[in-house]
Amino acid sequence: MRRALLAITGLAASTTALVVFKGSPAATQVAQNLPTAQPVNPTPQGVDPAAEPPADATAEPPAGAPTPSVKPSAPASAKPTKSTARPPSTPRTTTKAPSAPRTTTKAPEPTTRRVTGPGVDNEYGFVQVQIVVSGTRIVEAVSLSLPSGGESDIHSDDVSSRYDGTGGEVVQKQSANVNTVSGATETSNSYKQSLRGAIEQAF
Amino acid sequence: MTRPGLCRVEQIMGTAITLDLADDLPPAALHELADDVFAWMREVDARFSTYRPDSEVCRFDRGEVLLSEASADLRFVLEACADLWGATDGFFDAYATGRLDPSGFVKGWAAQVASDRLLAAGAANHCVNAGGDVRVRGFSPAGAPWRVGIRHPWDAMATCLVLTGTDLAVATSGVYERGRHVLDPRRGAPASGLRSVTVVGTDLGVADAYATAALAMGTPGLGWLNGLDDHTHAVVTDDARQYHSVGLPLTD
Chain A
1 MRRALLAITG LAASTTALVV FKGSPAATQV AQNLPTAQPV NPTPQGVDPA
51 AEPPADATAE PPAGAPTPSV KPSAPASAKP TKSTARPPST PRTTTKAPSA
101 PRTTTKAPEP TTRRVTGPGV DNEYGFVQVQ IVVSGTRIVE AVSLSLPSGG
151 ESDIHSDDVS SRYDGTGGEV VQKQSANVNT VSGATETSNS YKQSLRGAIE
201 QAF
Chain B
1 MTRPGLCRVE QIMGTAITLD LADDLPPAAL HELADDVFAW MREVDARFST
51 YRPDSEVCRF DRGEVLLSEA SADLRFVLEA CADLWGATDG FFDAYATGRL
101 DPSGFVKGWA AQVASDRLLA AGAANHCVNA GGDVRVRGFS PAGAPWRVGI
151 RHPWDAMATC LVLTGTDLAV ATSGVYERGR HVLDPRRGAP ASGLRSVTVV
201 GTDLGVADAY ATAALAMGTP GLGWLNGLDD HTHAVVTDDA RQYHSVGLPL
251 TD
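Residue numbers (this note's numbering), protein chains in the order written: chain A, 1 to 203; chain B, 1 to 252.
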């Protein structure tokens, strides 16, 4: 009985320890994320990499390295509809969070950062993407905002709210009383249809 | 029942070209006009067909013809396609399939040129229908404005809307005849959401390209069409809803 209790307590203790250990870097990460999450301010401070030497006096291995890798992939997932809307000068470099209190000595573990891209407005809506950078690699890209419904999955009901025209059920009408028909007519079926129309008019 | 003018149908560009001349001209003159129209359409087909390895488009695509050596028509079409690529946010893409295929512009453009030439030749009342892309001018043989039906996407023998006018370019792109053949050039995947897109303007080549582009955009294409100042449209979605601009020249 005592042994069992001991065993259980030990297990609980070690689990807690594990969780605490595992959890603590993540917690610091969250804290560290906060500053990076607001590069929305349009002042491009560290545009040219040469101009940012003081930030990384600490032994942070990937100094300015992540920056270039951020650029191409963030817009790719954002799918900006207008290529012009891509502001190339987001201050991603700036917030090289001053190396957080990493107590443990796990040296090779690369730092993970979250970088939020600027909000980009296009005619379909507002797009904002956040990437997760581990060392020099982008490990995840999350869309914080996309035009409602995403790419092509918007239902027509959603569309109608922003739409000047009118909408309703598609109806069928007789096509006898027309001179010609516009349609995506590409096959012999259409040929017959067109021919039929021509004959009707000709005689 | 007799009517003035002449109506002729020929199979060119893999589709039916219908010419309806409504002017009360001597038969010989009408036949000559019609001969010219169809000779032009065959010329366009020979030059721009992507199915003929010896067409100028294919030879240009293979690098056997330089731009400086290309015909004026090909250079015009390439330039127009480049402009339309920009005007459609890249959704009208003559290179969407990986090789040059300006068909989405050429068919409407060819019919537009035919119509322009008829007008210049004194045949101001006519209808040119190139595989569903329609250019009408003046009045029909009945003496009334032309009536242009828009094909019902699920019923080839019915229309869903009827337009009327004396100067209209009406182009329709749909996924019902050839399946989802229109690619979203950005994803390389078939577009979805829209079943049929009709664009109405005064230049059939542009209207054709716009209809193709909007179809490729999928549902967001509706908003894009909505923002066009100089064109009206009618759209049928995959879920059988129909949208059209208020200014569409509808009739019963």
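Among the hints, a few may not be true.
Derived contacts from chain B toward chain A, CB cut-off under 7 Å, selection only [claimed, not checked]: (1) Pro53; (2) Arg59; (3) Gly63; (4) Val65; (5) Leu66; (6) His152; (7) Val162; (8) Arg241; (9) Tyr243; (10) Leu250.
Per label pair, the in silico range of CB-to-CB distance [unchecked claim]: (11) B:Ala46 x A:Gly168: 17 to 25 Å; (12) B:Tyr51 x A:Ser134: 22 to 30 Å; (13) B:Arg75 x A:Asn177: 41 to 49 Å; (14) A:Gly168 x B:Leu228: 20 to 28 Å; (15) A:Glu169 x B:Arg117: 17 to 25 Å; (16) A:Asp164 x B:Ala144: 23 to 31 Å; (17) A:Gly168 x B:Ala39: 17 to 25 Å; (18) B:Ser68 x A:Asn177: 45 to 53 Å; (19) A:Thr166 x B:His31: 20 to 28 Å; (20) B:Ala120 x A:Glu169: 38 to 46 Å.
Calculated directly from the structure, the hints in this document are not laboratory data. Quick caveat, the model's predicted, so the values are computed rather than measured. We treat Cβ as the ideally placed atom computed from N, Cα and C, and that holds for glycine.
Structure-based check of all given hints:
Given the 7 Å rule on beta carbons, the hint for Pro53 of chain B is violated: about 21 Å separates it from the nearest Cβ of chain A. Taken as an interface hint, Arg59 of chain B does not check out: its beta carbon lies about 24 Å from the nearest beta carbon of chain A, beyond 7 Å. Taking 7 Å as the C-beta cut-off, the interface hint given for Gly63 of chain B is violated, the closest approach to chain A being about 27 Å. With a least beta-carbon distance of about 27 Å to chain A, the hint placing Val65 of chain B at the interface is violated under the 7 Å criterion.
Interface restraint check: Leu66 of chain B against chain A, minimum CB-CB distance 29 Å, threshold 7 Å, status violated. Contact between His152 of chain B and chain A, as hinted, is supported at the beta carbon level, the nearest pair being about 5 Å apart and thus within 7 Å. The beta carbon of Val162 of chain B is positioned within 7 Å of a beta carbon in chain A (closest approach about 6 Å), and the interface hint is therefore held. For Arg241 of chain B, the interface hint holds, since its Cβ comes within 7 Å of a Cβ in chain A; the closest pair sits about 5 Å apart.
Hint on Tyr243 of chain B holds. Least Cβ distance to chain A is approximately 4 Å, under the 7 Å limit. Interface restraint check: Leu250 of chain B against chain A, minimum CB-CB distance 10 Å, threshold 7 Å, status violated. Against the hinted window of 17 to 25 Å, the Cβ-Cβ separation of Ala46 of chain B and Gly168 of chain A comes to about 44 Å, which falls outside the hint. Range check, Tyr51 of chain B to Ser134 of chain A: Cβ separation about 50 Å, and the 22 to 30 Å hint is violated.
Range check, Arg75 of chain B to Asn177 of chain A: Cβ separation about 42 Å, and the 41 to 49 Å hint holds. In this structure the supplied range 20 to 28 Å holds for Gly168 of chain A paired with Leu228 of chain B, their Cβ-Cβ distance being about 21 Å. Checked against the hint of 17 to 25 Å, the C-beta distance between Glu169 of chain A and Arg117 of chain B comes to roughly 41 Å, which is inconsistent with it. Checked against the given bound of 23 to 31 Å, the beta carbons of Asp164 of chain A and Ala144 of chain B, roughly 29 Å apart, stay inside it.
Checking the proposed 17 to 25 Å range against Gly168 of chain A and Ala39 of chain B shows it is violated: the Cβ atoms sit about 44 Å from each other. As the Cβ distance of Ser68 of chain B to Asn177 of chain A is approximately 51 Å, the hint placing it in 45 to 53 Å holds. In this structure, Thr166 of chain A and His31 of chain B break the distance hint of 20 to 28 Å, their C-beta atoms being roughly 44 Å apart. The hinted range of 38 to 46 Å is satisfied by Ala120 of chain B and Glu169 of chain A, whose Cβ atoms lie roughly 43 Å apart.
Going through the hint list in order, the structure does not satisfy hints 1, 2, 3, 4, 5, 10, 11, 12, 15, 17 and 19.
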